[in-house]
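Model the full structure from these sequences, guided by the hints.
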Amino acid sequence: MMRVTSGTYADRLVSNLGNITARQAKYQAQIATGQRVTLPEDDPSAVRRALDLDGERGRVGQFGRNIARLKETATTTNTVMRSLSKIATRASELAVKSNSIRSADDLKAYAAEVTQLIQQAVSSSNSTLRGDAVMAGTRNGQPAYTMTLGTDGRVESVTYNGNQDVPSLDIAEGQEFTASVVGSNPTGSGPAGLIEDPRSGADLFGHLIAFQNQLLAGKGAEVTSTTAVGLQADADNLLRHIAANGVSQGRLEAAGATVTDRLQSLEGQIAGETDVDLAKALVRLNETQMSYQAALQTGGKILNMSLMDYIR
Amino acid sequence: MLGLIGTLRMGTRSLAAQRQGVEVAGHNLANVNNSAYARQRVSIQSTASNDGLSNPVGSGAEAVAIRQIRDKILDGQVVSEGGVSGSLDAQQRALKLAQSLLGQSIDRGNTGAGGTSAADGVGGGQQLAAGLTDFFNAFSSLAAQPASMPEREITLRRASALAAQFPALDSRLTKLSGQLDESLDTDLKSANALLSDIARLNGQISRTESSTGGAANDLRDQRQAKLESLSEVVGFDAVEAADGSLGIVVGGVSLVSGDVRDKTLETFTDVDGQRMIRASGTTDALVITSGRVHGTIDARDGALKDLRSGINDLAKNLINEVNAAHKDGFGLNGTTGADFFLGSSAADIRVNQALLQDPSLLQASGSAFARGDNRVAQALSQLGNKPIDALGGQTLGNGYNSIVGRLGESLSSVNQQLADQKVIADLLKGQRDSVSGVSVDEEMADLTRFQRGYQASAKLINTIDELMDTTLSLKR
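Protein chains in written order, with the working numbering: chain U, 1 to 312; chain Y, 1 to 476.
Everything labelled a hint here was simulated from the structure, so no lab data went into it.
Cross-link-like lysine to aspartate or glutamate pairs, in silico, EDC-like; alpha carbons within 20 angstroms at most: (1) Y:LYS422 x U:ASP11; (2) Y:LYS386 x U:ASP170; (3) U:LYS301 x Y:GLU442; (4) U:LYS71 x U:ASP170.
Stretches of chain U that chain Y covers, calculated by requiring three or more beta carbons in the stretch to come under 8 angstroms of a beta carbon on chain Y: (5) 8–18; (6) 35–41; (7) 49–57; (8) 63–69; (9) 131–145.
Glycine included, C-beta positions come from ideal geometry on N, C-alpha and C.
Rendered as C-alpha cells:
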C-alpha cells in the first residue's frame with residue numbers, strides 16, 4: 001500500500017480542486033456564450049473550419065447583395081423597355097392609320113404626336129438608377145441619348161452617348177451576371193441594343209424620326225412601305241428584350257433563393273462547428289459542481305483530523 | 001556485566017538516543033510543509049555487549065545516525081520532469097500571449113457595426129478574417145456602382161481598416177518576441193544564481209560530510225531544491241562526485257564542478273540576429289533541451305516565428321495582388337498606374353494616401369473613358385476567392401485562417417502536453433512524498449514512542465539511583 005503523507009492530502013486536494021474549478025469555468029463559459037469553441041486553442045480544426053465557412057458566408061452574403069442590385073437594374077430596365085414598347089406600339093398604330101389619311105393637316109397632327117413619342121422615348125431611355133444612365137452601357141455618367149430639335153419643333157436627331165459595354169456582377173463563385181442593356185449597338189457584335197441593333201433591324205429613334213419627317217412631308221404612303229416595317233422590327237426587338245429581361249429576373253430570383261439556402265446551410269455548418277450542446281454542458285456543469293462540493297467536504301474533514309486530536 | 005555504574009551509563013545513552021528521536025520527530029514536524037524536505041529517521045543500534053556469566057550481556061542502545069529517506073531515482077525523475085514542465089509552461093505562456101495578440105476569436109453573439117462578417121459572422125469586425133472578407137466585399141459593392149463616391153469612400157475606409165491591422169499586429173508580435181528575449185535574460189540571471197548556490201552547497205556538503213562522517217541531510221535537501229528550481233529554468237546533466245558534490249553540465253559544457261562555478265550562462269545574438277544562449281567564455285550556442293529557456297526559444301523560433309512570417313507573407317501577397325490588379329485600372333478622371341497599397345510587408349502596409357485624399361483616383365474602371373466600367377473593381381473583389389501560389393494555392397482569407405489554425409494547433413498541443421505533464425509531475429510528486437514526505441500521524445506516533453522511551457530511560461536511571469542509595473546505605 002502506498003504511504004500517504006500529510007502533504008500529499010493537501011497537494012492532491014488543491015490539484016483536484018484546481019482541475020474541477022477549471023472544468024466548471026469551461027462549462028460555465030460554454031453555457032454563457034452558447035459556444036463550444038471561442039479561441040483557436042479550444043479546437044483548432046473547428047475554429048479553422050468555422051473561419052473558412054464564415055469567409056464563405058461573407059462572400060455568399062455579398063452575392064445576395066449583388067443579386068439585389070442586379071434586380072434593381074433589371075426592374076428599372078424593364079420599366080424602360082415597357083415604356084418604349086408602348087411607344088413603339090403606338091407608333092405602329094399611327095403608321096397603319098396614316099396610310100389611309102391624305103389630309104396634310106391630319107398628317108401634321110400625327111407628326112406632332114410622333115414627335116412627342118420620340119421625346120417620351122428619349123426621356124425613358126435616359127432613365128437613371130442611383131445617378132447612372134441605365135441605357136448608356138458603362139459610359140453612364142451622362143444621359144444615354146441627346147436629342148436635337150429643329151426650329152420647327154421637330155426632332156432632327158437623337159444621338160447615343162453611351163458605349164456597348166455592360167457591367168456585370170458576381171452572383172456565385174465564378175458566375176458573373178449582367179442585368180444591364182445598352183441602348184444602341186450599331187457594331188453588329190456584343191450585347192444586343194435595346195433601341196438600335198442592326199442584327200434585329202431595330203432603330204427606334206431612326207424609324208420614329210423618319211416617320212415624323214414623312215408625316216410632316218405629307219408622304220403618308222411611304223410609311224407603309226418603309227417605316228412601318230422598321231417600327232415592327234423595333235417592337236419585336238423590344239419584346240425580345242422584355243422576354244430576356246423576364247428570364248434574367250427569373251434567374252436572379254433563383255440565384256437569390258440559392259443564396260438564401262446556402263446562407264442557411266452555412267449557418268448550420270458554423271453552428272455545428274462552434275455551438276455547444278447546451279443540455280450536455282448543463283449536465284456536465286452539474287456533475288462538476290457536485291464533485292466540487294464532495295471534494296471540499298471530504299477534503300475538509302480529512303485535513304482537519306490527525307493523531308494529534310487523540311493524544312493528550 | 002555492567003554493574004550499577006555501567007547500567008547508569010546505559011540509561012544515559014538510552015536517554016540520549018530517545019531524546020535524539022524526539023528531536024528528529026520535532027525536526028520532521030517542523031518541516032511538514034517544506035516541499036524540499038525529506039523526512040529523517042534516527043538509527044538506534046544496540047551497543048556492544050559485555051561478557052556475562054553465561055551469555056553476553058547487552059549494554060543498551062545508542063543513536064548512531066540520522067538517515068534521510070530519499071529515493072535517488074525519484075529525485076532524478078522529478079528534476080528531469082521539472083525541465084519538461086518548465087519548457088511546456090514557457091511555450092504555453094508565449095503562445096497564449098501570441099493568441100491574445102492575434103485577437104482572433106469566435107464570438108457568434110457579436111453584432112458589431114459595419115462588415116458583413118461583423119454583423120452575421122463568427123467574429124468581430126476588428127479581426128483580420130472579417131477585415132479581409134469586408135475588404136473584398138467592399139470592392140464587390142463598388143463594382144455595382146463604380147463611379148459612386150460614397151462607395152469609393154467606404155471601400156477605402158475598409159481597406160484602411162484592414163491595412164491598419166497588419167502593422168499593429170506585426171508590432172505586437174515583434175514586441176512579444178523582444179519580451180521573450182528579455183525573459184531569457186531574466187531566466188539566465190536566476191539560473192546563474194542557482195548555479196552559484198549549488199556550487200556553494202557542494203562545498204558545504206563535502207566539507208560537512210568529510211568532517212563528521214555522516215550525511216549533510218539538510219544541505220542535501222537544499223541542494224535538491226536548487227536542482228529542481230534549476231531544471232525548471234534550464235535542462236542539465238548532474239554527475240555526483242565521491243565527495244558528495246554534484247557537477248552540473250549544460251549542453252555539454254561544465255558549469256559547476258565541486259564548489260566552483262566554472263562558467264555562467266549568457267545570451268548573445270547569433271548570425272541570424274536571434275538571441276541565443278552560450279556559456280561564458282565560449283562562442284557556440286548551447287543546445288538546451290528542456291526548461292523555460294528551451295520552451296521560450298522553441299516558441300519564439302517555432303510557432304511565433306511561423307505566425308509572424310505567415311502574417312508577413314499574407315500582407316506581401318495582399319499588396320502584390322491588389323496592386324497588380326489596381327495598377328491597370330483607371331480612376332474617374334482617367335488616371336492610371338497608381339498603387340492601391342504602399343509598403344512591402346506587414347510592418348508598413350498602408351493605403352495610398354493620394355487615394356484616401358481623393359477617392360476618384362481609385363482605379364475601379366477598366367477603361368479611361370467609361371466611369372461605369374467595373375472590370376477592375378470586379379477583378380479586385382474576385383481576388384478574395386483567387387488561389388495564390390505563394391500561399392500554397394489558398395486564398396488570402398483561407399491563408400489567414402490557416403495561420404490561425406496552425407497557432408491554435410501549436411497551443412492546443414502544448415496545452416495537452418502540459419496537462420499530461422501535470423499528471424506525470426503529480427504522480428512523481430506523490431510517489432516521492434510517499435517515500436520522503438512527512439506524515440504528521442507518523443511523527444506524532446514517533447514522538448509518543450520516543451517520549452515513552454525517554455520516560456522509561458529516566459525511570460531506569462531513577463531505579464539505579466535508588467539502588468546506589470541502597471548500596472551506599474549498607475555502610476551505615
